[in-house]
Amino acid sequence: MVRPRPILVALAALLVVGVAALGLERFPPPEFETDYVRPTTTAPNPPQGVWEYVDAGVLAVTLVLATVLVLRTRNRKLIFTLMLFCLAYFGFFRDGCVCPIGAIQNVTLTAFDPGYAIPLAVLIFFALPLVFTLFFGRVFCGAVCPLGAIQDAVLIHPVRVPRWLESGLRLIAYLYLGAGVLFAAMGAMFIICRYDPFVGFFRLSGNWEILVFGGCLLLIGMFVGRPYCRFLCPYGVILRQLSRLSRWRVTITPTDCIQCRLCEDACPFGAIRKPTEPWPDKEYKVARRRLAFLLVLLPVLIGAGGWGGYELRQWLALVHPEVRLAQRIYLEENALVEGTTDASDAFRALGRSSDELYAAATQLRDRFGLGGTLLGAFVGCVIGGKLLTLSVKRRRADYEPDPASCLACGRCYAYCPKEHERLKRGREGLIRH
Amino acid sequence: MPQRNDDVTRRRFLRDGLWGACLAGIGGVAGFAAHKGQKVDWLWQIDPYKCTACGNCATHCVLEESAVKCTHVYGICGYCEICFGFFDPEPFDIHEGAENQMCPTGAILRKFVEEPYYEYTIDRPLCNGCGKCVKGCNAFGNGSLFLQVHHDRCENCNQCAIAAACPAQAFRRVPADQPYLLKSVDHV
Ligand code: SF4
Ligand code: SF4
Ligand code: SF4
Ligand code: SF4
Ligand code: SF4
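Respectively, the protein sequence lines represent chains P and U.
Taking full-length UniProt numbering, I'd label the letters of the first sequence as residues 1 to 433.
Taking full-length UniProt numbering, I'd label the letters of the second sequence as residues 1 to 188.
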């Protein structure tokens with residue numbers, strides 16, 4: 001005969017544990033004698049998903065418009081109007097979510113999480129501005145991006161930021177991009193969205209730390225043109241590189257530059273580059289030696305960055321809630337801290353074993369080891385690359401905007417006398433026909 | 001200067017190659033993501049079996065009034081006369097006065113059904129998602145009250161601010177065509 005008793009006991013135990021964990025059926029639901037019927041639980045449906053496609057459509061149209069206004073019409077007033085429209089629509093009306101900047105993380109999560117796939121509309125938001133940039137430069141930044149627009153609208157008295165400071169601060173954006181991708185890949189958090197400084201303004205609500213941060217950025221933005229775009233925006237980093245290759249791009253002069261130097265300080269974002277002087281022979285030799293040194297330095301920087309990132313893995317991993325929880329549980333179980341936290345209480349209430357948690361956390365830490373190495377190497381590569389480009393002198397005969405830094409705002413057009421000639425010709429043409 | 005021209009063509013060739021590679025790269029990413037195929041959006045939702053009703057849901061939502069609200073599955077409810085989702089653990093009186101109620105906003109309605117059963121209903125607009133009733137109901141009752149993100153209010157943030165603060169890791173993304181994770185009513 002089989003022994004039924006242990007099985008029964010085990011079953012009963014399971015039941016008790018199960019019921020206790022779910023909190024169900026302490027009191028059996030009543031059988032009513034009157035003709036009372038239980039109401040059904042209703043929960044409001046999500047709004048229909050048409051808006052996302054409307055957004056994608058508006059994005060496409062505004063991008064085309066921006067391209068025409070920036071490259072053909074060359075009219076700052078119209079660009080500014082379009083920018084305000086996009087600020088109102090994507091920002092205040094559609095609450096600033098989803099935007100291409102955050103979509104970087106959705107794309108990353110799609111690649112790393114088998115259970116997640118990016119919705120089509122978000123994919124369009126991610127890819128369309130990239131394609132436009134590849135053809136026409138950063139027209140998205142110039143007139144369409146609501147984050148750029150809100151900063152552009154408050155810029156009243158631009159001051160010059162020295163080149164070295166500009167390049168240095170821009171490193172933050174690269175680091176931010178790397179970290180955003182890393183944490184999205186690990187499934188820890190979408191930090192780019194979590195710390196979006198302006199979405200709180202768009203919604204007129206939000207947690208106060210972020211609102212203060214956004215407010216500070218706007219205050220700074222009154223004097224330093226578009227600080228988020230230049231020093232923080234992770235999407236801007238991608239756009240920078242793509243716009244170096246763009247087919248068409250912003251030119252200050254519609255025709256030949258006459259080197260009148262009137263546009264020299266026109267750009268509030270420091271994107272206008274002066275014509276270069278020919279180098280004396282002596283400097284050539286020094287420069288060549290410096291270049292050779294930097295070429296050797298590049299792999300060293302990459303290696304050092306990778307090593308540093310690997311060393312930081314414990315700290316990076318702490319962004320992941322699972323790792324944080326494991327650390328806390330470990331401390332509590334070994335009586336290294338007193339008391340419990342909400343997180344450790346929740347963990348115990350669920351009845352997961354701590355060994356399982358530790359195993360999961362160890363696995364995550366290992367993955368952060370690899371991820372941290374890659375992040376560090378990326379940063380090293382960026383620093384090395386920046387040093388290299390600083391020491392290679394490009395030949396430039398005219399004043400021209402640096403395609404990477406130019407945000408296609410159109411402010412410089414009006415400074416060029418050639419532009420005024422063009423406009424005059426246009427007006428006369430209009431009168432004649 | 002033939003050499004210089006060479007230089008220019010080489011540079012142009014390199015540039016064009018890079019340009020093509022970038023375009024192909026964007027196309028590749030888009031193709032890969034589209035291949036994985038997700039027509040509907042994702043929404044945030046709370047796994048009610050993980051939530052410990054810590055109270056963060058009321059305070060961490062980006063909205064002034066949280067998108068998270070209490071939900072009641074009547075099929076699980078015991079219709080208790082003394083409901084600890086409704087009454088304060090130490091009520092002055094078994095009486096519906098506000099001083100006896102657990103809910104800070106008075107969002108739970110108590111209605112007599114038949115001896116000794118009472119029906120509890122959430123007045124949705126009043127609820128702020130504080131989870132006090134959920135805690136009481138889970139601790140002493142059947143757990144028929146629980147928190148859910150209500151999608152008519154939720155902004156569907158790309159990163160839900162409550163999810164980032166939830167100590168129980170109870171938030172997860174759900175496809176928009178299954179927007180709720182209701183507790184199941186397997187015994188009705
Ligand atoms: S740099 Fe970033 S924030 Fe600025 S306009 Fe471009 S995409 Fe928007
Ligand atoms: S369009 Fe002109 S003013 Fe505007 S960012 Fe580009 S170079 Fe600067
Ligand atoms: S934050 Fe998490 S644990 Fe706290 S009430 Fe909300 S879902 Fe529940
Ligand atoms: S106690 Fe809190 S969660 Fe429950 S109904 Fe009242 S406001 Fe909502
Ligand atoms: S997604 Fe945003 S609006 Fe919705 S519950 Fe989370 S924080 Fe609130």
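Be a bit skeptical, because a hint or two may be false.
As the list claims (entries may be wrong) - Think about it this way: if two alpha-carbon atoms lie no more than 20 angstroms apart in a straight line, the pair counts; the simulated EDC-like pairs of lysine to aspartate or glutamate are:
no., chain 1, residue 1, chain 2, residue 2
1, P, LYS393, P, GLU322
2, P, LYS418, P, GLU428
3, P, LYS418, P, ASP281
4, P, LYS77, P, GLU421
5, U, LYS135, U, GLU90
6, U, LYS135, U, ASP177
7, U, LYS50, P, GLU322
8, U, LYS135, U, GLU115
9, P, LYS274, P, ASP355
10, U, LYS111, U, GLU64
11, U, LYS36, P, GLU52
12, U, LYS111, U, ASP123
13, U, LYS50, P, ASP355
14, U, LYS135, U, GLU155
15, U, LYS39, P, GLU356
16, U, LYS50, P, GLU356
17, U, LYS135, U, GLU81
18, U, LYS39, P, GLU31
19, U, LYS111, P, GLU33
20, P, LYS418, P, GLU283
21, U, LYS135, P, GLU421
22, U, LYS36, P, ASP113
23, P, LYS393, U, ASP152
24, P, LYS77, P, GLU333
25, U, LYS135, P, ASP342
26, U, LYS39, P, ASP345
27, P, LYS274, P, GLU264
28, U, LYS50, P, GLU428
29, P, LYS418, P, GLU322
30, U, LYS111, P, ASP35
31, U, LYS111, P, GLU31
32, U, LYS50, P, ASP342
Don't read these hints as lab results, they were simulated from the structure.
Hints violated by the structure (listed by number, smallest first):
1, 3, 6, 8, 9, 10, 14, 15, 18, 20, 21, 23, 24, 26, 28 and 29
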